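Q: So you can see what is in the structure, the chains are spelled out below.
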Amino acid sequence: VTDSATYFEIQQFYARQMQSLDGGSAKEFAGTFTTDSSFVHHPHNRVDGRDAIAEATERGVERTRLAGLVRRHWFGLPLIEESADGTLLVRYSAVTTVTAADGTVTHEPTCMVEDILVRQDGRLLNHVRTVRRDDLKDR
Amino acid sequence: VTDSATYFEIQQFYARQMQSLDGGSAKEFAGTFTTDSSFVHHPHNRVDGRDAIAEATERGVERTRLAGLVRRHWFGLPLIEESADGTLLVRYSAVTTVTAADGTVTHEPTCMVEDILVRQDGRLLNHVRTVRRDDLKDR
Amino acid sequence: VTDSATYFEIQQFYARQMQSLDGGSAKEFAGTFTTDSSFVHHPHNRVDGRDAIAEATERGVERTRLAGLVRRHWFGLPLIEESADGTLLVRYSAVTTVTAADGTVTHEPTCMVEDILVRQDGRLLNHVRTVRRDDLKDR
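Chains as they are written, first to last, in my numbering: chain V, 1 to 139; chain D, 1 to 139; chain E, 1 to 139.
Isolated chain V (complex conformation) (with noise of 0.2 Å):
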């Protein structure tokens, strides 16, 4: 990327998108996708659109809060691209945690994800991403 100032933008993008998924905000979440957006869980899993994406955000989170559980998720470093055209490409890794109620703290398989940020109405949002598990890589 071109510069310090976009760095902060995407990280500020990333903390208001994550955090709206850790609490629980599924409508808010999806609201960091385009319309047109595509939610890829590489190989098993592509889900198209922004209102999908919302539903099916939905169904996890409740499925958390009635196991009763707080999941996290933690970035590593975002590497950037930016392309000609001005589209953002971002890779970088994740991993979640989940606190249980009685503070045992377990972590789901380390991933790496690519995003495609694109601007719209000059704010970043989520066209593509595409989650690779490590527990699924080739070996």
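In short, the hints are calculated from the structure, not lab data.
Please read all numbers here as calculations on a predicted model, not as lab measurements.
Backbone N, C-alpha and C fix where the C-beta goes; we use that ideal spot for every residue, glycine too.
Check each hint, because a few of them may be wrong.
[To be verified] Examples of chain V residues toward chain D, derived with CB under 10 Å:
hint : residue
1    : T6
2    : E9
3    : A15
4    : M18
5    : S25
6    : V70
7    : H73
8    : W74
9    : F75
10   : G103
11   : V105
12   : H107
13   : P109
Fit chains D and E to the given chain V structure using the hints.
A: Relative to the frame of chain V, chains D and E by itself:
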């Protein structure tokens, strides 16, 4: 927050603050709080004033040292809002690791933290820190 | 450090460096070190020179691959100081996760890392990296 310079300043502030704590320097850690600050562990515990924070921190640091453990704090991406009066509200997830002499690593319950940062004589200080543990959350 | 542009540059440097390592590209990882660099695992081990770092890294990468594991490095907030000669001293905590094919995640002992970064032909390179494992700390 308004710009990337402030973002950088906040991240340096936290790096210094938490490396002081994890390195066992209770006084240096407490020095990152205002003299009239509050450190709240919601909903159980509240410590008021820099001196009291220094004492409570010293007890914690000593307990960790005597147990032969090393604690380290890890912060998630901060979401930053600036008030009209220049006060910064920063919200982030946090998790603490505990490493024993035999190399085993355990995780304390994840948390959400809200800080109110103020500027005094040109430098940032923590006015209020509120920590909410995920295992104590209403379910 | 002087400004947010340098902060951004350092974080991009680390993102690229560690994604190379975690992705198994020993040569690309070693390429982020100066030809006359040193990689020190305090107090046991010291590797001098980019070529030797490449070889040692290749062995580690191969070991991880043969074991069917994926290792990922996670860095805490960096504390950055700039010397009069432009050299950057960066200090941060780090932890490595190991994800197995069955999805289990284990953590290697947490560390403190100190890097000396230098600028050559306009880009940052690692001149010295010193890693101190918390389980080997004097207690």
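Q: Next step is simple, just say for each hint if it's right about the structure.
A: Results for each hint:
no., hint, in the structure
1, T6, "holds (9 Å)"
2, E9, "holds (8 Å)"
3, A15, "holds (4 Å)"
4, M18, "holds (7 Å)"
5, S25, "violated (13 Å)"
6, V70, "holds (4 Å)"
7, H73, "holds (8 Å)"
8, W74, "holds (6 Å)"
9, F75, "holds (6 Å)"
10, G103, "holds (4 Å)"
11, V105, "holds (4 Å)"
12, H107, "holds (8 Å)"
13, P109, "violated (16 Å)"
Hints 5, 13 from the list above are not met by this structure, while the remaining hints are.
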